[in-house]
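Keeping their order, the protein sequence lines are chains V and F. For the first sequence, the residue numbers in the numbering used here are 1 to 274. For the second sequence, the residue numbers in the numbering used here are 1001 to 1274.
Since the hints were derived computationally from the structure, they do not count as laboratory data. Being a predicted model, the structure only gives us computed values, none of them experimental. Careful, some of the hints might be misleading.
Said to hold, decoys possible - When the alpha-carbon atoms are kept at most 16 Å apart in a straight line, the in silico EDC-like pairs for lysine to aspartate or glutamate are as follows:
1) V:Lys249 - V:Asp41
2) F:Lys1225 - F:Glu1197
3) F:Lys1165 - V:Glu160
4) V:Lys8 - V:Asp182
5) V:Lys14 - V:Glu231
6) V:Lys162 - F:Asp1161
7) F:Lys1070 - V:Glu114
8) V:Lys225 - V:Glu197
9) F:Lys1151 - V:Asp129
10) F:Lys1008 - F:Asp1182
11) F:Lys1162 - V:Glu160
12) V:Lys151 - F:Asp1129
13) F:Lys1162 - V:Glu88
14) F:Lys1165 - V:Asp161
15) F:Lys1105 - V:Asp24
16) V:Lys165 - F:Asp1161
17) V:Lys162 - F:Glu1076
18) V:Lys151 - F:Glu1128
19) F:Lys1070 - F:Asp1041
20) V:Lys70 - F:Glu1076
21) V:Lys13 - V:Glu261
22) V:Lys3 - V:Glu88
23) F:Lys1003 - F:Asp1139
24) F:Lys1070 - F:Asp1024
25) V:Lys3 - V:Glu181
26) F:Lys1151 - V:Glu128
27) F:Lys1070 - V:Glu76
28) F:Lys1083 - F:Glu1128
29) V:Lys70 - F:Glu1114
30) F:Lys1003 - F:Glu1231
31) V:Lys165 - F:Asp1024
32) V:Lys132 - V:Asp182
33) V:Lys105 - F:Asp1024
2 protein chains.
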Amino acid sequence: MNKEQLIKQIFAKKSFLCVGLDTDIKKIPEHLKESENPIFDFNKAIIDATAPYCVAYKPNLAFYESLGVKGLIAFEQTVEYLKKEYPEHFIIADAKRGDIGNTSKMYARTFFEEYDIDALTVAPYMGEDSVKPFLEYEDKWVILLALTSNKGSNDFQMTEDKNGKRLFEKVLEKSQEWGNEDNMMYVVGATQGSMFENIRTHVPHHFLLVPGVGAQGGSLQEVCKYGMNNECGLLVNSSRGIIYASNGKDFAETAATKAKELQEEMAVELEKIK
Amino acid sequence: MNKEQLIKQIFAKKSFLCVGLDTDIKKIPEHLKESENPIFDFNKAIIDATAPYCVAYKPNLAFYESLGVKGLIAFEQTVEYLKKEYPEHFIIADAKRGDIGNTSKMYARTFFEEYDIDALTVAPYMGEDSVKPFLEYEDKWVILLALTSNKGSNDFQMTEDKNGKRLFEKVLEKSQEWGNEDNMMYVVGATQGSMFENIRTHVPHHFLLVPGVGAQGGSLQEVCKYGMNNECGLLVNSSRGIIYASNGKDFAETAATKAKELQEEMAVELEKIK
Chain V
1 MNKEQLIKQI
11 FAKKSFLCVG
21 LDTDIKKIPE
31 HLKESENPIF
41 DFNKAIIDAT
51 APYCVAYKPN
61 LAFYESLGVK
71 GLIAFEQTVE
81 YLKKEYPEHF
91 IIADAKRGDI
101 GNTSKMYART
111 FFEEYDIDAL
121 TVAPYMGEDS
131 VKPFLEYEDK
141 WVILLALTSN
151 KGSNDFQMTE
161 DKNGKRLFEK
171 VLEKSQEWGN
181 EDNMMYVVGA
191 TQGSMFENIR
201 THVPHHFLLV
211 PGVGAQGGSL
221 QEVCKYGMNN
231 ECGLLVNSSR
241 GIIYASNGKD
251 FAETAATKAK
261 ELQEEMAVEL
271 EKIK
Chain F
1001 MNKEQLIKQI
1011 FAKKSFLCVG
1021 LDTDIKKIPE
1031 HLKESENPIF
1041 DFNKAIIDAT
1051 APYCVAYKPN
1061 LAFYESLGVK
1071 GLIAFEQTVE
1081 YLKKEYPEHF
1091 IIADAKRGDI
1101 GNTSKMYART
1111 FFEEYDIDAL
1121 TVAPYMGEDS
1131 VKPFLEYEDK
1141 WVILLALTSN
1151 KGSNDFQMTE
1161 DKNGKRLFEK
1171 VLEKSQEWGN
1181 EDNMMYVVGA
1191 TQGSMFENIR
1201 THVPHHFLLV
1211 PGVGAQGGSL
1221 QEVCKYGMNN
1231 ECGLLVNSSR
1241 GIIYASNGKD
1251 FAETAATKAK
1261 ELQEEMAVEL
1271 EKIK
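Start from the sequences, fold in the hints, and give me the full structure.
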């Protein structure tokens, strides 16, 4: 999916919500655990319920990998289901990959050719040749970690160099030599709301993937105030706050309610840039 | 495997060689491609041939993931085979994972509980809570990226802070607040030979995992000169230089020859610290 198509979806649906499919076998409703394929069944129900309110889905690979072959099959089924039933939804594999060139090339082949996913989260630590192989695919996206939503983001990302430039700022700047606003987004945590103003001085036109609204405590309004640009420029992710809002038989219905609530808040924010 | 056991293996076998199982379906010998399970068959032959000359194996997850479920099965079979037939070999999953706390916990569970592997490579960019979940397992290891062997390592790892401390040095220092020489190693590329002296001032007693000897151009002698400590303190990895040394029917035999050559060079280096 290219940038224009993504923006079109956002304004058509009045939503820039990404639903994170962090599907944990230990957290899904009891009645599903007896099914033959509980992870996929859970995802399918969540997707069917929330699709009207979101523009993207983000399966988190760790949760699928933790179940070995069974988990990987559930991941593949989820992607296939999305591509078949909801082809207008943007699919992000949250895998935070990044390795030397020939290995990154293998990861790129996996996610962009085999699974034909739209975007992959990538870690910047290893630099240019670890990121570039992901940028060689048309209408596919690297979502590079810049300033993450966790406490540990202070350990290295905020380190200032001799000129007072912080590491995440250096990542934002340097990576623009490798990609552009049509094939690169950045992860910026919602818990860092006040930082968005600074971040927009470096990447005014790029899309930002924003985790941390909800369970991690970030505020949607603050993110929009400082982070939104005139094309929206945001994909705001919520995982636990939606998919585990209920663990009863009404889990999908409750997920839809939570997604709709966020979508309605997003519609208000989108009105402001119309 | 704990540090003492690893050191014992190194001195018993006069080797600190790690064989990288970067098994690419496109690069294995033609005659194997017709088999039902070419990746595992290739690995099994390489392992049987090289086991006398190495102390560790390092499957690179990217290569297995690129084949989807089939690849994951081959990875699992390889790990099972190693654990059963060569229980004294140290197994490193080269996956370069790292995510927010609850996600890193899932990855830790996968690699240390499900697969029961000895060590996992981890990326430091997201800081403390992305690394700590991997340190909660007895006799399991985090191998944290410090200074990698690729060209892109210059982009961020070499960035100096206000006090002239480079990012990789900060990673070495900061991470010692989280783990110790009994549960943490560092990736330091062999292509950065002259840097080992500096690195040893930060981590004199830690093991270092050293990729980049061979195909990437690093020198074993230089790495040993500057990086070896009195317990050896090195695991030197070679992947392509061993496993693809021949792509004929003699591939395993040739891999053994290459591994033996390295082992013999290593024996000479180990003599020096006896």
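Here is what the structure says about each hint:
1. V:Lys249 - V:Asp41: Holds, at roughly 13 Å.
2. F:Lys1225 - F:Glu1197: 9 Å, holds
3. F:Lys1165 - V:Glu160: 10 Å, holds
4. V:Lys8 - V:Asp182: It holds: about 14 Å lies between the C-alpha atoms, which stays within 16 Å.
5. V:Lys14 - V:Glu231: 12 Å, holds
6. V:Lys162 - F:Asp1161: 5 Å, holds
7. F:Lys1070 - V:Glu114: Roughly 13 Å separates the two Cα atoms, so the pair holds.
8. V:Lys225 - V:Glu197: 9 Å, holds
9. F:Lys1151 - V:Asp129: Satisfied, since the Cα-Cα distance of roughly 7 Å is no more than 16 Å.
10. F:Lys1008 - F:Asp1182: Holds, at roughly 14 Å.
11. F:Lys1162 - V:Glu160: Measuring from Cα to Cα gives roughly 7 Å; hence the hint holds.
12. V:Lys151 - F:Asp1129: Since the Cα atoms of Lys151 of chain V and Asp1129 of chain F sit roughly 7 Å apart, the hinted pair holds (cutoff 16 Å).
13. F:Lys1162 - V:Glu88: 47 Å, violated
14. F:Lys1165 - V:Asp161: 9 Å, holds
15. F:Lys1105 - V:Asp24: 12 Å, holds
16. V:Lys165 - F:Asp1161: Since the Cα atoms of Lys165 of chain V and Asp1161 of chain F sit roughly 9 Å apart, the hinted pair holds (cutoff 16 Å).
17. V:Lys162 - F:Glu1076: Outside the cut-off at roughly 46 Å; violated.
18. V:Lys151 - F:Glu1128: 8 Å, holds
19. F:Lys1070 - F:Asp1041: The hint holds at about 13 Å.
20. V:Lys70 - F:Glu1076: 12 Å, holds
21. V:Lys13 - V:Glu261: Roughly 13 Å separates the two Cα atoms, so the pair holds.
22. V:Lys3 - V:Glu88: 13 Å, holds
23. F:Lys1003 - F:Asp1139: Judged against 16 Å, a Cα distance of about 8 Å means the pair holds.
24. F:Lys1070 - F:Asp1024: Since the Cα atoms of Lys1070 of chain F and Asp1024 of chain F sit roughly 13 Å apart, the hinted pair holds (cutoff 16 Å).
25. V:Lys3 - V:Glu181: Judged against 16 Å, a Cα distance of about 8 Å means the pair holds.
26. F:Lys1151 - V:Glu128: Given pair Lys1151 of chain F, Glu128 of chain V holds - Cα atoms ~8 Å apart, limit 16 Å.
27. F:Lys1070 - V:Glu76: 12 Å, holds
28. F:Lys1083 - F:Glu1128: 31 Å, violated
29. V:Lys70 - F:Glu1114: 13 Å, holds
30. F:Lys1003 - F:Glu1231: The given pair, whose Cα atoms are some 10 Å apart, holds under the 16 Å limit.
31. V:Lys165 - F:Asp1024: 40 Å, violated
32. V:Lys132 - V:Asp182: With a Cα-Cα distance of about 14 Å, the restraint between Lys132 of chain V and Asp182 of chain V holds, given a limit of 16 Å.
33. V:Lys105 - F:Asp1024: 12 Å, holds
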